[in-house]
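**Q** Note that the protein sequences, when read in sequence, are chains Y and H.
Note that this note's numbering has the first sequence beginning at 316, numbered continuously upward.
Note that this note's numbering has the second sequence beginning at 42, numbered continuously upward.
Because the hints were derived from the structure by calculation, they are not lab data.
The structure displayed is predicted, hence computed values, not measured ones.
Don't take every hint at face value.
List of simulated lysine-lysine pairs, DSS-like, C-alpha gap at most 25 Å [unchecked claim]:
1) H:199 <-> H:145
2) H:410 <-> Y:684
3) H:196 <-> H:96
4) H:199 <-> Y:695
5) Y:770 <-> H:196
6) Y:695 <-> H:66
7) Y:763 <-> H:196
8) Y:402 <-> Y:803
9) H:199 <-> Y:763
10) Y:430 <-> Y:735
11) H:196 <-> H:145
12) H:66 <-> Y:763
13) Y:683 <-> H:96
14) Y:695 <-> H:145
15) H:239 <-> Y:763
16) Y:352 <-> Y:402
17) Y:695 <-> H:196
18) Y:430 <-> Y:695
19) Y:695 <-> Y:683
20) Y:770 <-> H:66
Restraint ranges, calculated between C-beta atoms of paired labels, are given here [unchecked claim]:
21) Y:793 <-> H:90: 37 to 43 Å
22) Y:335 <-> H:256: 32 to 38 Å
23) Y:697 <-> H:411: 49 to 55 Å
24) Y:434 <-> H:62: 37 to 43 Å
25) Y:434 <-> H:78: 55 to 61 Å
26) H:670 <-> Y:491: 31 to 37 Å
27) H:317 <-> Y:697: 46 to 52 Å
28) Y:374 <-> H:654: 23 to 29 Å
29) H:576 <-> Y:687: 44 to 50 Å
30) Y:763 <-> H:75: 29 to 35 Å
31) Y:697 <-> H:651: 45 to 51 Å
Ideal Cβ positions, reconstructed from N, Cα and C, are used throughout, including at glycine.
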Amino acid sequence: MENQEVINHTMALLRNMQFLLVAFPVFAGLILLFTGKRHSRLVPGTAFFISLLTTVIVFFLAHQNYLNTVGVVTKSSWFGSVTFGFKFDDLAAIMLLIINFVSTAALFFAQDYFKKFENDYYFIFSNMLIFLGGMNGVILSIDTIQFYFFYEMMLIPSYLILAFYGESEKRSYISVKYFIFTHVGAVLLLVPFLMLYTTNSATNFDDVAAVLATMNPDLAQFVFGLLFVGFAFKMAIFPFHTWLPDTYTEAPLPLTVMLAAGMINTGVYGMARFLFMFPPSVTSQFAYVMMVMAVITQFYGGLMALAATEIKKIIAYSSISQMGYVLFGFSSVLPLGYMGSVFHALNHGLAKGLLFIVAGSVVLVTGKKLITEVSGLGAKYHGLGVCATIGALAILGAPPLAGFTSEWMIFAGGFGTHFKGLAVLSVIASAITTGYSLYFVKRIFYGKLDESIAKEDIPFRMRVTMGIMAAFVLVVGVFPAFITELVKGAAAVLKM
Amino acid sequence: MLTTTIMLMIALPFAVALLIPLFEKTGLSFMREVLAVVTGVIVGGLSLSLLGHIKASPAPIMIYDWMPGLASYTVMLDGLSATLAIVAGVLGGLIVIYSLEYMKNEDGLSRYYSLVLFFIASMLGLVLSDSLLFLYIFWEMIGIASYLLIGFFFKDEKSANAGFKAFLTTKIGDVGLLCGIMTLFAATGTFSISELTKLAAAGLIPENILYYCAFFFIAGAVGKSAQVPLHVWLPDAMEAPTTISALIHAATLVNSGIYLVARMYPVFLGTEIFCNLALVIGMITALLVAALALFQSDLKKILAYSTVSQLGFMMYALGVHGYFAAQFHLFSHAIFKALLFLCAGAIIHYAGTRDIHEMGDLKELGALKWCMAIGWMALAGIPIFNGFWSKDLIIYQAFHYEGFPMARFSVILMLLAALFTAAYSFKTFYILFIKDKKKANALAQDTAHAKDAGHGKAKAAKAHDDSHAHHAPGMIIQVPLMILAALTLVSWLCAGVIASYDTMTLTLPAASAEMKFVEEMHSIGFMIHHTLVSPTTYLALFMIFLGYLLYKKKDAFASVIGEPSVREAFARGLYFDWLYLNLLAFVVWIGGLLTEVFDGLVFDNLNRAIGLCSVHFAERFRKTHTGNLNANVAGLAIALLIIALICKFA
């Protein structure tokens, strides 16, 4: 009996450890930044260990949520009526799972990738850790001001890495572009946040939800519009997408993975969290506009990916197109569509992370950036070919891989609305996805191998990372029940 | 018991498919063959054991709760699904055995066996599924297996392109299917086919939903079963190893479109458009593609076109309410076409080329020749072979069908298609085995080389298969062939058995004609009578007679349709490929244009303009920052004054 109590007590303590998800990476990052220069050899291992720890914690907490679906909150007053705390609910669980998983993967192989900057390990890895901490902070926030704080906090370290270690000479131009665009998006969020703070002194999410639910419709529409556009910048929805292809192509591979598979999900999270606080009457007014934008984004990203010739850029454009799917699910304003979108953020993260590492490996071993310059790599790099195929099939939504588990829900949501024509268009866009992703695989891995371009081996850690991610893509596709339960819990907000 | 059987049938091949690559770099590479054959045989046996479990009123069985509360895999076992499961399981087993010898010197065998097992499991999952969502899942999975196996020789550009083309083309159909499934789901809230059937019977699915869904589902079937206009992928898919052509591109995967239409039949019974679409598409495909097959000289392409055309027959049969006829023909066709492909594979290995004009003397392939003869005769519709009975049943049913205004006219066209079928069957067999090669060589050089446009392609296509040229096939190849040949002779005897399992057919009012036919099929008198009165018998015999006469003189088909440009157009498949390639290029061009116009011109310049504006603004504004204290103070004072004024009046 006593034992049981001790166990219960320990579990209760453990369940409240979500603040560690922010504290560990941020403080470890700061410590590494100041002490890491002298122990440069230890830095990558430490950073990887910290991120692994956060991933384990996320898995544990997500499992707790899976068992009893009650989110846990720590909450304290920050200043004035502004609160500060961390809430781990089902929606947060899904986002944190993917963010921490891909960041761990990125930190794992970053050591191999950044070999030529060995003296700067302390700077790179500490920034990556703070970036991770910022993302975790965004997802766990319970207050709009705190949310904004972390939202900007993840911007700075990613900007620094991009500006100093970008792949080409255009790095400073592109990093500024990245900074300004995402910053503008963030500022658009700040306007409604401050408005709610000054007029209703509502900053805690619960208060915000209560205020938004009863707000006068005209004002609510205005706030909705600002929030939507703010997050649309982060998600790179057409026409707010121009920062994305350049940034993803320019960023060093580990950062690309963290951006494409991790940070973009903070935009998805924002939409999932805030847009559904409004009464259905407001949300459904925007449904049609959102749906049209989603379909345009799907087609636009897909067509751009078809036409792109840079290896990394094809995958980057594909991200835009995939965010179109996510927005499409949200715009249905139906539980199934919502669930699909949230789930798709995770699936897209897994598959896109994998594909980016594949693309990065191709660029790394061949030294070529254009897809027309490589062919037949499958003959030499069997594993890479298999991973590329798995990633491409997952992106195009082929079962039994991860992509389909969410895509069918998104489409089911779309066909549940009155706009069935748009839903058909959205499904047609998946044919374009098929086109570019299989073309990517075919062009790079099939055909005759030019021995002169494939001399180097893929670094060991990158191979391991790709193998594990490919396995996860398959596992999530075949056994989605764990995630599905979380997604269902997250969609409870829609049962209004 | 049944649940365990089905679980084992589907899960075992998947598990083994994952296991096989693990033996790749160990010394135990023989294990992959052992595992594959053992699994293939077990699955074949299990699929046969399904026969004992079919019930008169089947109910869905839950197999795997994939997404609790949202989607689960349920299985429906009736005559239709059992027939297809047996075809997939038994043929799969036979072909794995055949592969032992046929594929033995290739690279990447663990990939090959893994994918074959993955395919067999997916195909079984597809035909047994009661959930439309899982039907789609397995539908895509067989597509993936097909894509990867067509590109099996991935170092060859042509294989790579063929795989890409196959997946993309079928994906266009899949888009339709997914739309259909989702529309039905949104309207009814269920994926279960048995539920949907009940709802449709009760008239609870809105008319207009069913109308749109008819188009969507037919589109899915058109893609997968390679019907016009999406038939272009199947001839190219012949880049796959011949075993794969036999299993996937003749006997199983391509049938899944027919299966889909048959499976959804009761749901769409109320909408005429569903059957009429099937009828028209099937008719066009059967006739047009049979004509195309006449002009090919690549042995595998002839078979591919013939498969498309036969699938057209099945689709047509469904269109004329020949629910059982389609199923029966599917069954027969799977057997004799697999036989033909496997024979063709052995011949291609022996001759070292895929071009029928270049194959040289094949007379020493004794047993193989007779097996192939049986296959061709079944295809041509010569009495006694299974192809005759099933094709006749289709024609018979069509004669008695009155739902379509021009049904009678369509029967005539179908008879013409049957005539073409007999013609190319005879032509190919004649060139392969009967024609005196030495004497005809000069003529062949003359006619075939110069005129057949498909010829050049076929010549280039011998890349892979000729590596082990001039090996007479061994026992491991011959035994599956003989089994299939024997089945081709006798499989039609099962018609009554299959029909008796077919609960659906018995409830169809329009199917009474075909059921009468099937019931009487077992009386000798009826058989003789029918054989004598059937028009297809005479057509086939007439065609053989005519062909023989023509060939006696010279290479006949060259002269029958003399115009070279027409011949070339047909040999090239009537430029469907050209059209689609240009369409694809156009889409890519649009993408490039968008990139340039939007991302290049509009957005980048917009960004730059905003940037420049702020720079210019700052430049102008800088002049106010004079550093002169007086000016600064004056500015401050003015600003304060303005603020004070605003505060006062606001």
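**Q** Out of the numbered hints, which ones does the structure contradict?
**A** Of the numbered hints given earlier, those the structure breaks are 2, 3, 10, 13, 15, 16, 21, 22, 23, 28 and 29, listed in rising order.
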